[in-house]
Amino acid sequence: MQGETEADFDEDEEMPLTERDLADDAQWKLIQKNTFTRWANEHLKTVNKSLTDLDSDLADGLRLLALVEVLSGNKFKHINKRPNFRTQKLENVTMVLKYLEEDEGIRIVNIGELI
Numbered sequence: 204m205q206g207e208t209e210a211d212f213d214e215d216e217e218m219p220l221t222e223r224d225l226a227d228d229a230q231w232k233l234i235q236k237n238t239f240t241r242w243a244n245e246h247l248k249t250v251n252k253s254l255t256d257l258d259s260d261l262a263d264g265l266r267l268l269a270l271v272e273v274l275s276g277n278k279f280k281h282i283n284k285r286p287n288f289r290t291q292k293l294e295n296v297t298m299v300l301k302y303l304e305e306d307e308g309i310r311i312v313n314i315g316e317l318i
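Under the numbering used here, read the sequence shown as residues 204 to 318, first letter to last.
The set of hints was computed from the structure by calculation and includes no laboratory data. Glycine included, each C-beta is placed from N, C-alpha and C at the ideal position. Errors might be hidden in some of the hints.
Quick list of in silico lysine-lysine cross-link-like pairs, DSSO-like style, CA-CA up to 30 Å [said to hold, decoys possible]:
no., residue 1, residue 2
1, Lys278, Lys301
2, Lys301, Lys248
3, Lys236, Lys284
4, Lys280, Lys236
5, Lys278, Lys252
6, Lys232, Lys280
7, Lys280, Lys301
8, Lys292, Lys232
9, Lys236, Lys278
10, Lys284, Lys301
11, Lys292, Lys278
12, Lys232, Lys252
13, Lys252, Lys292
Label pairs and their calculated CB-CB ranges [as the list claims (entries may be wrong)]:
no., residue 1, residue 2, range
14, Ile311, Val250, 21 to 27 Å
15, Phe288, Thr249, 28 to 34 Å
16, His281, Gln235, 31 to 37 Å
17, Lys301, Asp258, 17 to 23 Å
18, Asn277, Gln230, 34 to 40 Å
19, Lys278, Asn237, 15 to 21 Å
20, Phe279, Gln230, 18 to 24 Å
21, Phe288, Asp228, 33 to 39 Å
22, Asp258, Thr290, 35 to 41 Å
Whenever a hint applies, use it, and build me the whole structure from the sequences.
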């Protein structure tokens, strides 16, 4: 982008992200991730569970399930207690997300394609 000026960009056109913008975004995401992890661990310690890595620790749905049980006071039935297969893990996560939407009225957005 050397030699380009602001006048070279159409006002309606979205400006490309600079490396600095990406670095700032990455830092913000890390802060959010760490904050959520600490918050979740405060609640999970009542059931002797914890999170260290959100991506892997929530993947099978068991700790997500435990967190929602602690927060809601409700117990889930019919869970895959030892999910070995991807389908079993997805069933657990899907069950929790459906509960949050249908029973708690929490709108879940931007994850539909991940499940």
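So, going through the hints one by one against the coordinates:
Simply put, Lys278 and Lys301 have alpha-carbon atoms about 14 Å apart, close enough for the 30 Å limit, and the pair holds. Between the alpha carbons of Lys301 and Lys248 the distance comes to roughly 24 Å, so the proposed pair stays at or under 30 Å and holds. Taken as a hint, the Lys236 and Lys284 pair is honoured in the structure, with Cα atoms around 26 Å apart against an allowance of 30 Å. A C-alpha spacing of about 29 Å is found between Lys280 and Lys236, which places the hinted pair at or below 30 Å, so the restraint holds.
About 16 Å separates the Cα atoms of Lys278 and Lys252, which keeps this hinted pair within 30 Å; it holds. Proposed proximity of Lys232 and Lys280 is contradicted: the alpha carbons are some 34 Å apart, above 30 Å. Annotation: proposed proximity of Lys280 to Lys301 holds, straight-line Cα distance about 14 Å (limit 30 Å). A distance of roughly 25 Å separates the Cα atoms of Lys292 and Lys232; the hinted pair therefore holds under the 30 Å criterion.
Restraint check for Lys236 and Lys278: satisfied, since their Cα atoms lie roughly 26 Å apart, inside the 30 Å limit. For the suggested pair Lys284 and Lys301, the alpha carbons sit about 18 Å apart, so the restraint of at most 30 Å is met. Taking the CA atoms of Lys292 and Lys278, the gap is near 18 Å; set against the 30 Å cutoff, the hint holds. With a C-alpha separation of about 24 Å, the suggested pair Lys232 and Lys252 falls inside the 30 Å cut-off, and the hint holds.
The suggested pairing of Lys252 with Lys292 holds, with an alpha-carbon distance near 18 Å, which does not exceed 30 Å. Between Ile311 and Val250, the C-beta spacing of about 23 Å keeps the proposed range 21 to 27 Å intact. Taking 28 to 34 Å as the suggested C-beta distance range, the pair Phe288 and Thr249 conforms, at roughly 29 Å. Judged by the Cβ atoms, the range 31 to 37 Å given for His281 and Gln235 holds: they are separated by roughly 32 Å.
Against the hinted window of 17 to 23 Å, the Cβ-Cβ separation of Lys301 and Asp258 comes to about 21 Å, which satisfies the hint. At roughly 36 Å, the beta-carbon separation of Asn277 and Gln230 lies within the given 34 to 40 Å, and the hint holds. As the Cβ distance of Lys278 to Asn237 is approximately 29 Å, the hint placing it in 15 to 21 Å is violated. The hinted range of 18 to 24 Å is not satisfied by Phe279 and Gln230, whose Cβ atoms lie roughly 36 Å apart.
About 34 Å separates the C-beta atoms of Phe288 and Asp228, a value consistent with the hinted range of 33 to 39 Å. A hinted range of 35 to 41 Å is violated for the C-beta pair Asp258 and Thr290, which are about 19 Å apart.
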